[in-house]
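Listed below, chain by chain, are the residues.
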Amino acid sequence: MPKIIVEIMPKQDLLDPQGKAVANALHRSGHPEIVNARIGKRIELHFDREITAADMANAEKLAASFLSNDVIEDVVKITKE
Amino acid sequence: MKIGVITYPGTLDDRDAQRAIRLAGGTPVPLWHADQDLKKVDAVVLPGGFSYGDYLRCGAIAAQAPATQEVVRLAKQGLPVLGICNGFQVLVESHLLPGGLIRNEHQHFICRDQKLRVENTSTAWTNLFEQDQEITIPLKNGEGGYIANPDTLKMLEAENRVVFRYLDVNPNGSMNDIAGLTNERGNVVGLMPHPEHAVEPGFGPDTDIAMRSGVDGLKFFQSVLKALVNS
Chain A
53 MPKIIVEIMP KQDLLDPQGK AVANALHRSG HPEIVNARIG KRIELHFDRE ITAADMANAE
113 KLAASFLSND VIEDVVKITK E
Chain B
58 MKIGVITYPG TLDDRDAQRA IRLAGGTPVP LWHADQDLKK VDAVVLPGGF SYGDYLRCGA
118 IAAQAPATQE VVRLAKQGLP VLGICNGFQV LVESHLLPGG LIRNEHQHFI CRDQKLRVEN
178 TSTAWTNLFE QDQEITIPLK NGEGGYIANP DTLKMLEAEN RVVFRYLDVN PNGSMNDIAG
238 LTNERGNVVG LMPHPEHAVE PGFGPDTDIA MRSGVDGLKF FQSVLKALVN S
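Taken in order, these protein sequences are the chains called A and B. Take the first sequence: its letters are residues 53 to 133, numbered as in this note's numbering. Take the second sequence: its letters are residues 58 to 288, numbered as in this note's numbering.
Chain A on its own, in the form it takes in the complex:
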């Protein structure tokens, strides 16, 4: 199934509590070499037809307006699969 994948991460300078908790757990379980972990979102938009350039442009708009909030998050990647 053709899909557009939107990847979103919390902004670098904002606290990422989930990532921090995971990093702490990794340290406790013997992985001091992993200095940090951060958790974002991967959103798949599924299509039942070929994805067009217009679909990609649309996905970019949706990613910026609804799927992410630019006060707290960055859209890091939009890809077609």
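Please keep in mind that the hints were generated in silico from the structure rather than gathered at the bench. The reader is advised that the hints may include incorrect statements.
[Claimed, not checked] Think about it this way: if two alpha-carbon atoms lie no more than 27 Å apart in a straight line, the pair counts; the simulated DSSO-like pairs of lysine-lysine are:
1. A:Lys-93 <-> A:Lys-63
2. B:Lys-211 <-> A:Lys-63
3. B:Lys-97 <-> B:Lys-133
4. A:Lys-72 <-> A:Lys-93
5. B:Lys-59 <-> B:Lys-133
6. B:Lys-197 <-> A:Lys-63
7. A:Lys-93 <-> A:Lys-55
8. A:Lys-113 <-> B:Lys-172
9. B:Lys-197 <-> A:Lys-72
10. A:Lys-55 <-> A:Lys-113
11. B:Lys-59 <-> B:Lys-96
12. A:Lys-113 <-> A:Lys-129
Mind docking chain B on chain A? Use the hints.
Showing chain B alone in chain A's frame:
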């Protein structure tokens, strides 16, 4: 005066908001998120809760609801709108108020009676307070940390749009101790604490006079009724 209260899937405090409106002397009108028709109400309350289970981001999906879209349209024409807690998050996600709300700094859900200072008494929802009056109403949230970029913060402070500031303790890491905001026009107000839970003696926060006698929240709803009568 008819004041609408929108119920989304996952809303918790719609009945409390309706009761607060009734106790203040208004007529509460239940509104449904999927219905664009706001039934000709004179003002709207977006209540607290966890609309859509906080999926995607708190308030993000509720901001897309037909009822919310109509609120956005009418708010720009001056309709008084109060967003409480999740309702504040909806106002931010629908861009009626700037900035964003993120998980509490200490990462715990917090539930306590919170002291606030009312710093702007010219809004539709605060006109019965004294300037810099200190009030206590309940606060209960997990994602109440207010953030905005430095330019936005500067603008909010310069334009006197910080309506409520946390006193004594900043419960969630909000920038500049911001508990609530208004828009340029003063008809839209959003805050994290819950005025609708401090409207009836016996059920509000403790005061120096008696346990659970705090009714500081009632003035929010009385203020909007006064603003509507005067408009």
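Query raised in the report: Is B:Lys-59 close enough to B:Lys-133, meaning Cα to Cα at most 27 Å?
Result: holds (19 Å)
**Report entry** A:Lys-113 paired with B:Lys-172 [C-alpha distance capped at 27 Å]
**Finding:** Measuring from Cα to Cα gives roughly 41 Å; hence the hint is violated.
Requested in this report: Quickly compare the C-alpha distance for B:Lys-197 and A:Lys-72 to 27 Å and report which way the hint goes.
Outcome: holds (23 Å)
Query raised in the report: Are A:Lys-55 and A:Lys-113 close enough, with their CA atoms no more than 27 Å apart?
Result: Roughly 16 Å separates the two Cα atoms, so the pair holds.
Query raised in the report: Regarding the pair A:Lys-113 and A:Lys-129, is the alpha-carbon distance no greater than 27 Å?
Result: Within the cut-off at roughly 13 Å; holds.
Requested in this report: Mind checking the alpha carbons of B:Lys-197 and A:Lys-63 for me, to see if they're no more than 27 Å apart?
Outcome: Answer holds: B:Lys-197 to A:Lys-63 is near 25 Å, not above 27 Å.
Query - Pairwise hint evaluation, B:Lys-133 against B:Lys-97, where the allowed Cα distance is 27 Å at most - result: holds (16 Å)
Query raised in the report: Does A:Lys-63 lie within 27 Å of A:Lys-93 when you go C-alpha to C-alpha?
Result: holds (12 Å)
Query raised in the report: Are the Cα atoms of A:Lys-93 and A:Lys-55 separated by 27 Å or less?
Result: Roughly 16 Å separates the two Cα atoms, so the pair holds.
Query raised in the report: Going straight from one Cα to the other, do B:Lys-59 and B:Lys-96 come out at no more than 27 Å?
Result: Within the cut-off at roughly 9 Å; holds.
Query raised in the report: Straight-line Cα separation of B:Lys-211 and A:Lys-63 no greater than 27 Å?
Result: holds (21 Å)
Query - Straight-line alpha-carbon gap A:Lys-72 to A:Lys-93, limit 27 Å - result: holds (16 Å)
When held up to the earlier numbered hints, the structure conflicts with hint 8 and nothing else.
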